[in-house]
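Protein chains in written order, with our numbering: chain G, 1 to 244; chain F, 1 to 261.
What the hints contain is simulated information worked out from the structure, not anything from laboratory work.
Virtual Cβ for every residue (Gly too), placed ideally from N, Cα, C.
Heads up, a few of these hints could be off.
[What the hints assert, rightly or not] For the chain G half of the interface with chain F, some residues (derived, Cβ under 7 Å), not all of them:
#, residue
1, G82
2, P185
3, L223
4, V224
5, E228
6, A231
7, L232
[Stated by the list, open to error] Among the chain G residues that face chain F by a calculated CB cut under 10 Å, a handful are:
#, residue
8, N101
9, E227
10, E234
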Amino acid sequence: MPQPQAPSPSDATSLQLDQALQLVLQSGRTIPEGEPGSTPWLQGLIDALVDLSSRDALTGLANRRSFELALAREADRVARSGEPALLLMLDIDHFKRVNDNHGHAAGDEVLRSVATALADSVRPMDLVARVGGEEFAIILPNCPAAFGAAVAERVRRSVERTPVMAGPGGSAIEVTISVGGAFAPQWVRSTPALWIERADQQLYHAKATGRNRVQLEASVASLVSTEEREALFETPHGMEEHDD
Amino acid sequence: MTEAPARRPRIMAVTSGKGGVGKTIVSANLAAGLVRLGERVLVLDADLGLANLDVVLNLFPKITLHDVFTGARTLDEAILPAPGGFSVLLAGSGMVEYSRMTPELRERLQEVVAEVASRFDRVLLDTGAGISDVVLYTVSLADEVLVVATPEPTSITDAYATIKVLATTQARRGLRLLVNQTRRAGEARGVHAQLQQVLDRFVTPSLDAPLQLDLLGEVPADAAVREAVQRRELLLEALPGAQASQALLAAAQRLQDSRER
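In isolation and in its complexed conformation, chain G is listed as follows:
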């Protein structure tokens, strides 16, 4: 069988790129710089397409595909390093009512607004994704157990405090979310699917116990109260201080 030839840069001119360019333009991205068909130009086009295929079209957040990729990478990293990492699953409360009462355009506006509120309340290193209709997820690498609840609560409150002006006559629609979270099992190889399942279970609890709530799975650290922690590290009598 003849070996397929590796394409040389000059072959690029014979590629059918119209549709790719159209998609890139339509998404609001710029056409790559450089001589059309040149290697840097092609690289620019590929980068734009990669970006396009990892984002959710409506909100601009990471889509389910890139979320799954990032989660697998994080689960693997945590298994080796033991660094704490938190996964939050979030769901807009009573979203169907928004669509039913105000129409789908208002629904889309709510989704975009929630997306912005989520992205604005976490660190740049955290990955915020839209993983389903009104479902979002946030991966927080290197998130100490003691901070997990505070971060999740900040996210919840940020959405609660951001009314969406998409009701009748530009009136406000009140939007809340429920949040479930689980830390990656440290030092143990696990699967991303199991991690999602554990966070989803907590989300289910948050929904079942009244919505607009945060519910995190208990972790080793959460079993130790602040009082106990302080008692563990207070200098006992008769123990000399030592220099390191």
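Dock chain F against the given chain G, drawing on the hints supplied.
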């Protein structure tokens, strides 16, 4: 049914709240120390997630419990000889990539542990770190528990949490502690006293009987440990004169003495 006479503890789980505290190295060298004291010892590498006893001991072939459960190998084939004179049974990460115990898996693991306990004087269960279902279940199969910690604050906190969970969910009232990688003599006593004091204050009041933490040993931070790991040799064999080796031998002796009582 009449109660069997209290048997001497055979099965000891070695666990830690936090990973990376040297739990596996402690298990392997305690086992080698017990062999020197005349015991027949088996170490079951039950760290289903990140099993690494085979790496520490440079074991080959790597027949695992997973192979036994799938019927590919017999239990006898999976019991491997290790340097140091003890035997090893590797759980194999293939078994619980899922990090979850099915009822079937629980039953089979229990059968295997009971079987090897009848053939050896002592079985050490090298469990994973943390308090996952798998770890807690494996620990529940043991007669006694050794918690390994370092003097580092996160390790102490996680060890405390683990002890608390074992006291409340498995009704453990006596646990052993080994402090690894200490920087000065007597540091382990300080860690032990602090843990015992906080347990007395916060955990014991909710229990029917006081929770006793017994300090099994103190192993100093020692460059020899790293060297043995790099050479992929057992510390007690490669560098028997090292401080850490002597400390681990002393811990093995203490373990044996306490059993004779």
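Unmet hints by their number, sorted upward, for this structure: Hint 8 contradicted; others consistent.
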